[in-house]
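*Asks:* Sequence:
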Amino acid sequence: MFNRFIFQIFLILISIGLIVLYVNPTYKKIKDLNLENSKYSTALNTSKELGAIRDQKVEIYNSFTSEDLEKLKKMLPDTVDNVRLVMDINNLALSHDIVIKDTEVHTSDGQNQGNSDAQFNDPLEYGFVTLDFSFTASYDDFMAFISDIKSSLRLVDIVSLGMSTVGDEEEVYKYNLSVRTYWLK
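Per our numbering, residue 1 is the first one in the sequence shown, and the count goes up by one each step.
Hints may be right or wrong, so weigh each one.
Taking lysine-lysine pairs in the DSBU-like style, the calculated list, with each CA pair at most 30 Å apart, reads [unchecked claim]:
1. 101 with 29
2. 71 with 185
3. 150 with 101
Derived by calculation from the structure, the hints in this document are not laboratory data.
Build the full structure now, drawing on both the sequences and the hints.
*Replies:* Structural data, given as structure tokens:
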């Protein structure tokens, strides 16, 4: 009976040792592998969703006509062309008998400036060019010119406008105008 008791204690100790030394580490390893497997499954599902979204966007992009793509490229080009910008603005002005003078071009580096918040200090995904110029015109010609700028394909914001009279002429004003246009980086 004493041998039997020792044998039972020995079996219990072996069982505890087996659980501590083999079963528990193996169970932990299986748990870790299941967790890693679920992460990979989530990543795979996300990858499939992103692939579907990409395919949808490519399908939409391919549905555009080449004419529409050219319009989009003109509206928001992927490079800056200062000469082309000045020529476009000048051509719009000439169509209203306006002669552009004192042209200055200022190109940005695409950094978000003037804000101390960290979320706004990231580099912008676009750059911009500011074009300053002056001209003399009647108010009606000026309004027609602004209307043409507004309806042109190029994305243009009027940043500042100054207006003053020219000598004794009542119908003619001198305008100082700053416009800003953008491009994708």
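*Asks:* Compare the structure with each hint and give your call.
*Replies:* Now for the hints, and whether the structure bears them out:
| no. | hint | in the structure |
| --- | --- | --- |
| 1 | 101 with 29 | 76 Å, violated |
| 2 | 71 with 185 | 18 Å, holds |
| 3 | 150 with 101 | 20 Å, holds |
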